[in-house]
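Let the sequences and hints guide you as you build the complete structure.
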Amino acid sequence: MANFIDRRLNSKNKSTVNRQRFLRRYKNQIKKSVSEAINKRGVTDIESGEDIVIPRKDLSEPVFHQGGGGIKDRVHPGNDQFAPGDRIPRPPQQQGQGSGQGEASNSGEGEDDFTFSISKDEYLNLLFEDLELPNLEKNQLDKLIEFKTVRSGYCAEGVPANIDIVKSLQGSIARRIAMTSSKRKEIKELEQQLLALQNDKHDHIQKERELIEAITLLKEKIAKVPFIDTFDLRFRNYAKQAVPTSKAVMFCLMDVSGSMDQATKEMAKRFYILLYLFLSRTYKNIDVVYIRHHTQAKEVNEHEFFYSQETGGTIASSALELMNQIINERYSESQWNIYGAQASDGDNWADDSPRCKTLLEQNILPRTRYFSYIEITQRAHQTLWQHYQQVADANPNFAMQHIKSVADIYPVFRELFKKNTQNAA
Amino acid sequence: MATSIKEKNKKKSTSKESTKDSQHLANHVASETSPLDDSSDWTFELLDLYQQEIARVAKHYRLDTYTNQIEVITAEQMMDAYASVGMPIGYSHWTFGKKFIQTEQNYKRGQMGLAYEIVINSSPCISYLMEENTMTMQALVMAHACYGHNSFFKGNYLFKSWTDASSIIDYLLFAKNYIADCDLKYGISEVEATLDACHALMSHGVDRYKRPQKISLDEELKRQKEREEYLQSQVNSLWRTVPKAEKNDTKQHYKFPAEPQENILYFVEKNAPLLKPWQREIVRIVRKISQYFYPQKQTQVMNEGWACFWHYTILNHLYDEGLVTDKFMIEFLHSHTNVVAQPEYNSPYYSGINPYALGFNMFMDIRRICEEPTDEDKQYFPEIAGSDWLDTVHFAMENFKDESFISQYLSPKLIRDFKLFHIHDDSSNNFVEIGAIHNEQGYKKVRENLANQYNLSNLEVNIQIIDANIEGDRALTLRYTPHNNVALGDSKDEVLKHLHYLWQFDVKIIQEDKDGIDQVIASCPIKEKKEKE
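Chains as they are written, first to last, in the working numbering: chain V, 1 to 425; chain H, 1001 to 1533.
Treat the hints as calculated values from the structure; they're not laboratory data. Be careful, since some hints might not be right.
[What the hints assert, rightly or not] Computed cross-link-like contacts, DSS-like style, restricted to lysine-lysine with a CA-CA straight-line distance of at most 27 Å:
| no. | chain 1 | residue 1 | chain 2 | residue 2 |
| --- | --- | --- | --- | --- |
| 1 | V | Lys-27 | H | Lys-1497 |
| 2 | H | Lys-1108 | V | Lys-120 |
| 3 | V | Lys-120 | H | Lys-1497 |
| 4 | V | Lys-224 | V | Lys-247 |
[To be verified] Partial list, computed: chain H residues near chain V (C-beta under 10 Å):
| no. | residue |
| --- | --- |
| 5 | Gln-1069 |
| 6 | Ile-1070 |
| 7 | Trp-1094 |
| 8 | Ser-1428 |
| 9 | Glu-1433 |
| 10 | Arg-1447 |
| 11 | Thr-1477 |
| 12 | Tyr-1480 |
| 13 | Asp-1490 |
| 14 | Ile-1517 |
Quick reminder that beta carbons are idealized off the backbone N, C-alpha and C, glycines included.
Pasting the structure below:
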């Protein structure tokens, strides 16, 4: 006796839960590995997963086992040279090597670290763990402006386009069974009687005729039960559900004046990519608007933004003005979650900085979820930093950080978005 | 998608059949039985045909089996099965995740192939066939697992008396659900810590001498609730004696437990003072599962040997009947020889004695002794030489475990074939000594030592609970009794931490030194040596 079962189509990832448990348990080690890796990564492969290395000793599960020393008797196959009583000097690595199957196999890999890959999602989860988009919860509820049509069961009335055929036919079958079962039972009984009469030695012509008539009558009745009735029809029901808007736009503002060299831009780019990835975890659709500026601002595409070379002085307010203009034209704040990130080396026309401050405070910050400013420089801060400092003090949705080298980017990013427990409490 | 693949397979096999039919017509030497299709692609129809033939032959050889449930799975599912150490339904725990990641990494790097099959001691007996196997391999696996292992599970005395195949799946399901419930009620971290602690002591959760009760799901569920309350009340009443005892010091010391306890998990489950009821249940689950696997540990050589012996015998029988082709046999023998190969001690592939090789050759040898005994065999095995081979192998399968099987049946011929030799390694010498080799004087000694090598009580650490101080500080004392002066491994401190987690009061291990005085060799929490006085 044997039964064959094809399990190939069963769910594959039976071990997923266990894998998650494993990641959970070794979170600290894995996180360390991730944050070490982030700075070594190329900008372009930020979408891939990551190899994680954990020291093997951290993973071991201890059990009582026999250690070294004492007397050990072993039998091995393939004797080619030994006679009883032969004495062989102990091999130097006696402890691990000669003492039996179990330990020998361990010692082969004992030194290695435990290396495995995590997927992109797992990687991002770890990368952005404990980070949150500021002000998100507070604002989200009053922005219920979009509606989604969702299925909500079935109803008896509706337009023909919404007829659910399977449900309707199920209803039809049920109705037909219900309406004919007693009659079918009768037919069965009558047929048995008829059979009994026919098998009988004597003739019962009259009775047989009556029975046949009764059976045909019942059969006609059954046939009259309609195949489908308006009563059977079921229509798919839909309801409107309000959903918070999940569209976001990210403004990348960058100074491309002569003082910004390629290395500085590279750092800014890493920061933008982190921000983009982070936003993509909360929002499904993200528009990115690139604005670069020297004395004039211009909206450009990604490639131009990062790689075209420009020279000239710096007027930061031009970029803010353009951003403001684009918001007015294309991204109304009732439909979009607006985020801004500005990167600069801190140079600005001294007279322009106060104007930046007013632009931010009056036009931009009231409409954006969050605006972050990073200054990438080795030198002392200039007027722009000082004015922004005042903005930061007065506005909770504005933040600024200073980056000196590539290694600062991830910590600074974490600093900007770390969960604000004070606000929550 | 899947159906289309299947159909393609079907088409292929039917076309092959038809060509074969035409060949048959062309051939005048039509044999009485036409061989089964030997194309390498398998189909479910073909699996069933082979299965029926194998079943018929198995019956001919009186193999008594549980009903087979043969499940076809993919390589990835095979890795899942690996990770859960062969339990078809495992509870969630990180260690299985670790095993899965390890298996996956090794497999991806090509460091290991996957086993062709996994078989589970349950009724019905579940065997996994891997999708990637060829038809020949599937037939080999069916003969090996579904009739070899299966009949071993049903016939061997250890399995008969220690495990209940019909209820294990239900019990594992119960365990999984119970632990999942605990995860929700008490938090993953707590449950994980408890499981970690239990796993560390898992091999000390076995009754080695006392036969355990059979586990059945209905009873488990019914009794579990009562047990929770009852156990707690028992524990409480045991510890209630604490304050009283301090007053009358003169009273005779009440020793608890009265006798040393080898089943540490059982003792913890019943007596740990502060364990919560759900933790006791988890200890119990791990203990039961450990007990379930205990016979498998003790019969590795026999179990694999028996399965190899029967896949070899059954498929050769089919070949003799003309049911399988030469092509089939060559592929089968290629795999078979790989499985039962024994590298020699100086080979780079050597990693101890291959249980498949030893077991298979021993069963083949028993058959040889029965059918064609030499004078030497008659001298060594007077009671089986020349007897009915089928009766003898069945008797051997049913009534032995690895240790006793080897000491009973390892013949001088086999010792010579394997060129077995014995190394005596005393750490007080700076050399190792050859104790015995495959010659007249050495046979018995080699056999004795090889048998001991499979004696679990020599391999596993002998640690027993000797005292729980119920009158004072509730400290738990364990005694390590070394076998042949082998010291306890370094991990003892770590394991003790786990035991401390369960017991929650001081725990320590003592060992008698050369002068017969007990020395503490490990304790948790670790204490400075104050006890010198």
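Quick rundown of the hints versus the structure:
For a cut-off of 27 Å, the pair hint linking Lys-27(V) to Lys-1497(H) stands: about 22 Å separates their Cα positions. With a CA separation close to 19 Å, the supplied pair Lys-1108(H) and Lys-120(V) stays within the 27 Å bound. For the hint linking Lys-120(V) to Lys-1497(H), the alpha-carbon distance of about 37 Å lies beyond 27 Å, and the restraint is violated. Taken as a hint, the Lys-224(V) and Lys-247(V) pair is broken in the structure, with Cα atoms around 58 Å apart against an allowance of 27 Å.
The interface hint given for Gln-1069(H) is met, as the beta carbon of that residue sits about 5 Å from the closest beta carbon of chain V, less than 10 Å. Hint status for Ile-1070(H): holds, given a least beta-carbon distance of 5 Å to chain V, under 10 Å. Proximity of Trp-1094(H) to chain V holds as hinted, the smallest CB-CB distance being about 4 Å (cut-off 10 Å). Hint status for Ser-1428(H): holds, given a least beta-carbon distance of 8 Å to chain V, under 10 Å.
Given hint, Glu-1433(H) at the interface with chain V, holds; its Cβ is 5 Å from that chain's nearest Cβ, closer than 10 Å. Here the hint on Arg-1447(H) is kept, as its CB sits about 9 Å from the closest CB of chain V, short of 10 Å. Interface hint status for Thr-1477(H): violated, as the beta-carbon distance to the closest one in chain V is roughly 15 Å, over 10 Å. The beta carbon of Tyr-1480(H) comes within 8 Å of a beta carbon in chain V, closer than 10 Å, and the hint placing it at the interface holds.
For Asp-1490(H), the suggested interface contact is upheld, since its CB lies about 6 Å from the closest CB of chain V, less than 10 Å. Using the Cβ-Cβ criterion of 10 Å, the hint placing Ile-1517(H) at the interface with chain V is not satisfied: the shortest such distance is roughly 19 Å.
Hints 3, 4, 11, 14, counting from the list given before, are not met by this structure.
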